[in-house]
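K.L.:
Two chains, two separate frames, one set of hints: put the complex together.
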Amino acid sequence: MTANSLVPAPIAHLPWRLIFVVLAIGLFGALALYSAAGGSMKPWALNHIIRFLAFLGMAITMSYIRPQTYRDWIWPAYGLVFFLLIAVMLYGAIGGGARSWLEFGFIRLQPSELMKPIVILCLASFYARLPSAEIRKFSAIWPAALIIVIPDFIILLQPDLGTSLLLLLGGVMVMFLAGLPMRLFVGAAVALTAMAPIVYSFMLPHQKKRLLIFLYPEEDPLGAGYHITQSKIAIGSGGVFGKGFLHGTQSQLQYLPEQHTDFIFPAMVEEWGMFAGLFLILLFTLLLRWATKVALDTKDRFGRLAAGGLSMTIFFYFAINLLMVMGLAPVVGIPLPLFSYGGSAMLTVMICLGILMSIDRGNRRNRRDHT
Amino acid sequence: MRKRSIPLITENSQSYTFTRRAMVVGGFQLGLSALMAGRLAYLSLSDTEKYQLLSEENRFQLVLVPPRRGWIVDRFGKPIAVNRSDYRVDLIPDQIENPDQVIAQLAQILELPPEEVDRIRKDLQVAAGYQPVAVAENLTFDKYAAVTVRLPEMPGVAPLRGFSRFYPDGAAVGHLIGYVGTANREEYKAEGKNRLLITPGFKIGKEGLEKTMEPRLRGLPGAKRLEVTAGGRLVRELSARPDTSGGQLALTIDADLQEFAARRMGNESGSVVVMDCQTGDILCMASMPAYDPNNFSDGISNMEWEMLSTDERRPLYNKTLNALYPPGSTLKPMAAIALQEAGIDPKETVHCSGGYQLGNRFFRCLGRHGTVNMHRAIAKSCNTYFYSMGRKVGIDALATVARSLGLGVKFDLPVVSQSYGTYPDTAWKKRRFEKSPRLIERPDWTESDTLNAAIGQGFVILNPLQLAVMAARIASGKDVQPRLILEKHPPAKPLPYAPEHLDAVRKAMWEVVNGDGTAGRSKLPLEGIEMGGKTGTAQVRRITGGQRGQSGDWKYRDHGLFVCFAPTSNPRYAASVVIDHGMGGSRAAAPVAKDVLTFLFDRNKAMQELVKLEQSWGGTMAERMDRQTRAFYASKGKPVPESMNRAAASAPSSADAAGVAPSTPAPIPAAAAPPSAAPAPGNSAR
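Chains as they are written, first to last, in my numbering: chain A, 21 to 391; chain B, 579 to 1264.
It should be emphasised that the hints constitute simulated quantities derived from the structure, not laboratory data.
Cβ atoms here follow ideal geometry from the backbone N, Cα and C, with glycine treated the same way.
Each hint should be verified, as a subset may be incorrect.
Unchecked claim - Below, a sample of chain B positions facing chain A; criterion: calculated Cβ distance under 8 Å:
id, residue
1, THR597
2, MET614
3, ALA615
4, LYS628
5, TYR629
6, LYS721
7, ALA724
8, GLY770
9, VAL813
10, LEU816
11, THR822
12, ALA1005
13, MET1185
14, GLN1186
15, VAL1189
16, THR1198
As the list claims (entries may be wrong) - Pairs of lysine-lysine, DSBU-like flavour, derived with a Cα cap of 35 Å:
id, chain 1, residue 1, chain 2, residue 2
17, B, LYS1008, B, LYS1071
18, B, LYS802, B, LYS784
19, B, LYS925, A, LYS252
20, B, LYS1056, B, LYS925
21, B, LYS988, B, LYS1133
22, B, LYS1056, A, LYS62
23, B, LYS789, B, LYS1133
24, B, LYS1216, B, LYS1183
25, A, LYS229, B, LYS1190
26, A, LYS252, B, LYS700
27, A, LYS229, B, LYS628
28, B, LYS767, B, LYS925
29, B, LYS988, B, LYS784
30, B, LYS802, B, LYS700
31, B, LYS988, B, LYS656
32, B, LYS771, A, LYS229
33, B, LYS1008, B, LYS1101
34, B, LYS1190, B, LYS1101
35, A, LYS252, B, LYS628
36, B, LYS771, B, LYS784
37, A, LYS228, B, LYS628
38, B, LYS802, A, LYS252
39, B, LYS771, A, LYS252
40, B, LYS767, B, LYS784
Looking at chain B on its own, in the form it has when it is part of the complex (with noise of 0.2 Å):
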């Protein structure tokens, strides 16, 4: 009994139990569905703008074209800097099929050494899309149409037809202009990851101007959205943007002037500063030995950078800025005004017997001049007579003098670094030696101070920059600021000083090159211009013994220099010269500035002087660069590199680039038209 109705219950709870488990199941699908459908209306309406966004981010790829850069000009229009055209190839990342293949078959091509096909596999590997990466550039026509004839074989090689910069004065305007080059990942990220400043063949300033002005010079990029498939294909071109090429530049430089500045020191390592002494234009400023910027905006070897690094007369280095010099006697045209305002009388005379005794100390002079006055203090150099009224006068006179000339003065220009040196005073030496513990170096001003700083040593250093503009100042007695970009100014002011004393200082340094002077060899051989100049040495190290740093060491000898403006009757411009352990102002400064301002009045007569240098010393500059390039490589064991045998081939001779023409643009090299025959696939996408 109990037996049999056991399973009849359990038919019936069976049945049951179904009804409700299939209720549960039912539910169970139901609710799934439900939480499918809302799902779905999720996607659907939270983050539409998100996904439609992705959707487009997929479809869409944008592709920056980097713009032109502007080109830097002299002051006539002249070029510096301009881009040339030229070949390049780049890898597609998405149209690539075969990476490994399409690279080994691109460094057959293009012989690109290993080191260069492990980066381009590393770029490869973190490029995405659509965004380039750079394979070569710089490349002849030959391997660019062997690169082009083989494309169909190759998805995802792009050759294309790019600019390069291109300084046609070379490395006459190296340290002045700077050069460009790709920017490292510190530059891209300060700029916020901009993509442009990674787009191959996109070249950002690194040095000099070109990295200083480089918001005008850039331009705004063009772009280009392509809609591509999935699979890398490219269904169209959309909305092309045309890049905006930067901004053309002037400069106040005269190129030619630069250029034959930088030849005319020859083997000499120095510093030539032209200014226009009633603007304050810069027309020339001219540090050598300099590398040349063409070699850098491709990308410089490790040997080129041995090269130049280890060079003795360091031709990285801008000496018209970066070097600072005691400048030596140039200063005593600067004394002479400070001590006029101070009071003293110009006809005032000092007997000079070869020195002047202070205390225990005997300070020499480098002669024995007997009886000066100002006049003739300047012309023959005289120390004694500095040393006498400087001492009358105190530092703290000659130190407002001199800065309010532009010694020791940080100069308003758009250079990357300005060592502005130091012209001393009492508060400049308590505050820095306060807290010397050193017994000789006292904070206190010491008489021995004020007679080394009144003839330019001591204490005093300065930049070829700032002795440029005190000879421009001088010269006319205006308050003029030294300037790179061609602008207009307001005119300059006057100097606060009586146009008396900085007349009788400027007929002492006619005296000097004219008259019974330091410089007499110097006289501009032109009719009718006189310059006004003074000369300086400047000790390297304390003399020790005999020898005077006249001979010795070449890093030991003294420097030479010379300051001096032109024409005396009507100053028009002025100039310092600074040649690196030269041994004299008279010696080797002078001349430079001779036939620098001779260039500035007779180009002709200043470049048959010049070739007529160029001969002694063994060529033009290019060609001394290119044999000391291969002089150096040969020490080394290394093979010349390819790109300097070409180099040398296209290379115009320099005598032709040099400007004897007047000052009338010269043809430009620039964007040169490819061959006809070439394919030029130019900017647009295959």
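In isolation and in its complexed conformation, chain A is listed as follows (with noise of 0.2 Å):
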């Protein structure tokens, strides 16, 4: 198929139209952080650029394992960062309110953010293991559920209210693919509602003063509700063609908070305007539709639950981010993987699409095999 090409065959056989999705997503959140910056590499923009490629190679590096392996080692796994886990409650750094950091010296490590794609794989292959009778028992939950809601009140307890929520939905889709029940999602979202109280009881002061700001962000405009209501007047004000790239005002006089990390959509959208918008939203559409795909194309269950788990984590960063800045969804402090400053969710991403982009090549070396 590629015999006769010029270019070798494992760097053909990469995936190249995701990898120039990842890559336009990628440069254009440099460019975000250029301006953010007032027109500087410094602080955010260069060190963006290099992890970025830094964990775009991981990620291609990755897809050269075979899913087998990340079957297999995937409880180690587990293990190894359930206990960073509990590392990060006794000695972790405190930052944004919550006790979520390891320092390394040289890396800032976010267990939670690991966990993540590991919970996902665990389930997958939890529900790969389990004889296709068994799935509409009580036996096909509990260890599910385990494994998810363990490292998931430990983050809770962080407290990490974000990351903990992504986990959760996770973990559920990887249960809700593998074949639970509809009744129990149903009666999940029902015993859901009814415990909201609970968990906002849960909640640090901070959390629940998003909450109540996002059910009535005009109460407070220059209090807390000052998030949501900037973030509006920045998209807002830029309209369809934006005022221009370092020319936004909101983000560029520091109306616009954490512009480099979770509101770096509105203060892209400012200086771009709308279609720049469009155009990103499109980028992430294109690469979960890949994702999706790949789960599709998947005949191996641990595969296709793997991919599907994968792909909604990553679906999740982006659709809350988005959904936070354009004032539909509380203020919940999730950046936009690949786009905005800060290593963990990229690094969580790029493991994401590393393991995906495996599954991929599984696949592909399937059909080469068969055909």
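P.N.:
What follows is the structure, encoded as structure tokens:
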């Protein structure tokens, strides 16, 4: 198939379309970070590019590892990261009101982020091993629930509401794809609604405030509703074509908070306009379409559950961040992966992409073997 | 067999379930993406203008620059109300890093009282952005400099050189000009929450002409558009629009005369109104005692307020317009015109034997004047003549002329309020007592009412301005309208009365002062200039027993009134003088009128007289007011405020400012240049 190509086979076999999409998101992000720093590569844009390229290289490297290898090593990995979570509880650094970092001198590690793909692979592995007949039994639920809830609870205690929410949602998605009875999900949704007050009582004051402000943003436009209000102003005032690169007043004059991390999307849209925002949404949609296609193409149960779950993990980042900055979801502190500054989310998403590419490579290998 | 088949089917169906559910999930992803795209488009397209405006509002802070208030000057251009530069300190809420610390520091440097500190804290809590909050104004240069030096360690503190209102003549113009002050909540709301009104340092007129002429004096605020970051750092200043000063307001007042009159009243309570009887220009409208408007424009303390409001001479009350007096005999010239117009021959005589019998009541005269004609009745102020003749012509004939001379009339003047009193007639009484339940207050007019009205008592109550207008109209024979604002007007029309009637009255008024009359001691001390006038003594309460209001408690003594004009040969000026509880027109009011009119013709002579008088009273007006204030504070056991000591030290002696010199504008103490070493941040933001 590629024998007479000038490009060597390993490189030609890379999913180039995906890589272009990912590169487009990452480099566009670098531009936005350059502007967020007032037209400077420092402190964010350069770091972002270096990190992005390094993690992309890592993801591509990961794609050469067979899915079976991940499946074999996933339980020890779960154990290791779980241990790290405990370590964070005891020795972690506090950042943003939550104890979630481990400082290793050269790198700041957030084990809760690593836990997201690991839990998904664990669940995929669990359901792949589970006999089909068992799927409607209680034994199909409780081990999976434990796999999710134990680390999730620790993350909630950090307390990092955003990450624990994403972890939970990702896990539930795998359970859903595994074919657990529909009534369970409906029932869970009802139960969750009922439990909302309890969850609320677990929140930190700043999280409670964010939730209330999401419900009534105009109550306090200069106080706690400031984030959402300023974000909407940035997007709205950008209009169709934006105010021009480096000319966003909301961002350049720092009215927009956290514009290099959680609120980078409005900062970018203010300067580039609606079309750039739509373009970014399109890029993410293309990325997710590729991931969904990988899941659907996979014959192996572990692979398809893993692919489906990982694609959902990426989607949740993207969706919750955008809904949040556009005032459709409460401010929960979730970055826009690949685009915004911050290593942990990027690392997680790149790991997801690496495993997805590995599954994709496996699928194509199978197709080649069969033909 | 069955057992085997189920897992087989289940595995297939599981695969099918996965595909179906993966499609659902994919659809969910696509749906949410579409929602996000839609939301983005909605935010970008629907309310772009609104959001652009909001983003501009974020970015730009509009800071108003209060306009300088227009000057008020007298008819010769001499300043009556000007703007003096002063030092003030404001806080810029956006730039303050540690409010508590900054306020504490300022309180220490500026020696702010605790209630002021509380006020600043409260203001700061409600203030937002770049709108400054006033900390203190009218600071001494030393305090201002002390703040300026410490600026680097107190971000958000803005010392400025601003302007405050200054009235060089002080209390002499108090009631006439009024004062300015910070707008209160009601005033702010009444102007549709005009932001200018809450800009620190901006004052609006609160009383007198400052209030009524506010639109003309205010001017237009300037504005600065500042581009600032969210942290309050100034990026740049865009498009500063300079303020437009308020217009200058020229009054008909002669400031020197006004001051002279105010001082001449000495310790008395009363009023002096002087008019140009040919044009109606009010040259002087002084009410004493008065408050010093300079004290009010900085905000007055509770103590000062208590002192002013408890004084029985009512320094807060503009007596020229708001005090109503029974005018007494000052109305006799008016009545004489009415009698002639009603056909009474001025030569006709009446015999005065000390009073007039009406039915079973005897109406007293002040003397036994024997046989009197009109001329002599005015000169000697014979009540009997006017009882008798007034009864003949009836009240309505008197009332018509009274009104045409301005009595009981409300004038078209830019004043805060006018009490215009009453000159009664039959219709008025009917209206007034229509529903009176009391037996003695019947709605029908009686002859005794006429008798009382004919000598300016009974129902007649008038304000001093009306008396001056009456004098002016009689003197000139013209229907002059009183005016305060110096403008061109069509000349006044003549009154519809026979010139010989008016002339007869003027001659009688000449007799009052210069011949055998009641005010013979008040002849003008001038060659060839003579004054005509009429005294009046008004009872404060009904005569009880032997007491005639000539002794006893100050507040029950008779009022002394005097109306006059000069020169008699060719009338130019007319005046009314009312001395509250002065016990008699000739005794209390006429001498004041004499000196005031003398001042108009020979300033030096009048001033010499005044200086002598002031020595006997114990000092100039400023000195006496200062003493009085100190005594009041002492009586309350409170220390005299520091500002008073400062004012006393810097105030020019009032003899210098009295304007002995002709009416060229004096050097103006306004907008004094700051010491050159002073850092002068001015209006520019840092």
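K.L.:
Evaluate each hint against the coordinates.
P.N.:
Now the hints, each set against the structure:
no. : hint                     : in the structure
1   : THR597                   : holds (6 Å)
2   : MET614                   : holds (5 Å)
3   : ALA615                   : holds (5 Å)
4   : LYS628                   : holds (7 Å)
5   : TYR629                   : holds (3 Å)
6   : LYS721                   : violated (33 Å)
7   : ALA724                   : violated (33 Å)
8   : GLY770                   : violated (23 Å)
9   : VAL813                   : holds (7 Å)
10  : LEU816                   : violated (13 Å)
11  : THR822                   : violated (30 Å)
12  : ALA1005                  : violated (63 Å)
13  : MET1185                  : violated (63 Å)
14  : GLN1186                  : violated (68 Å)
15  : VAL1189                  : violated (64 Å)
16  : THR1198                  : violated (56 Å)
17  : B:LYS1008 with B:LYS1071 : holds (33 Å)
18  : B:LYS802 with B:LYS784   : holds (27 Å)
19  : B:LYS925 with A:LYS252   : violated (95 Å)
20  : B:LYS1056 with B:LYS925  : holds (25 Å)
21  : B:LYS988 with B:LYS1133  : holds (27 Å)
22  : B:LYS1056 with A:LYS62   : violated (88 Å)
23  : B:LYS789 with B:LYS1133  : holds (31 Å)
24  : B:LYS1216 with B:LYS1183 : violated (42 Å)
25  : A:LYS229 with B:LYS1190  : violated (78 Å)
26  : A:LYS252 with B:LYS700   : holds (31 Å)
27  : A:LYS229 with B:LYS628   : holds (26 Å)
28  : B:LYS767 with B:LYS925   : violated (64 Å)
29  : B:LYS988 with B:LYS784   : holds (22 Å)
30  : B:LYS802 with B:LYS700   : holds (26 Å)
31  : B:LYS988 with B:LYS656   : holds (29 Å)
32  : B:LYS771 with A:LYS229   : holds (32 Å)
33  : B:LYS1008 with B:LYS1101 : violated (43 Å)
34  : B:LYS1190 with B:LYS1101 : holds (19 Å)
35  : A:LYS252 with B:LYS628   : holds (11 Å)
36  : B:LYS771 with B:LYS784   : holds (17 Å)
37  : A:LYS228 with B:LYS628   : holds (29 Å)
38  : B:LYS802 with A:LYS252   : holds (27 Å)
39  : B:LYS771 with A:LYS252   : holds (28 Å)
40  : B:LYS767 with B:LYS784   : holds (15 Å)
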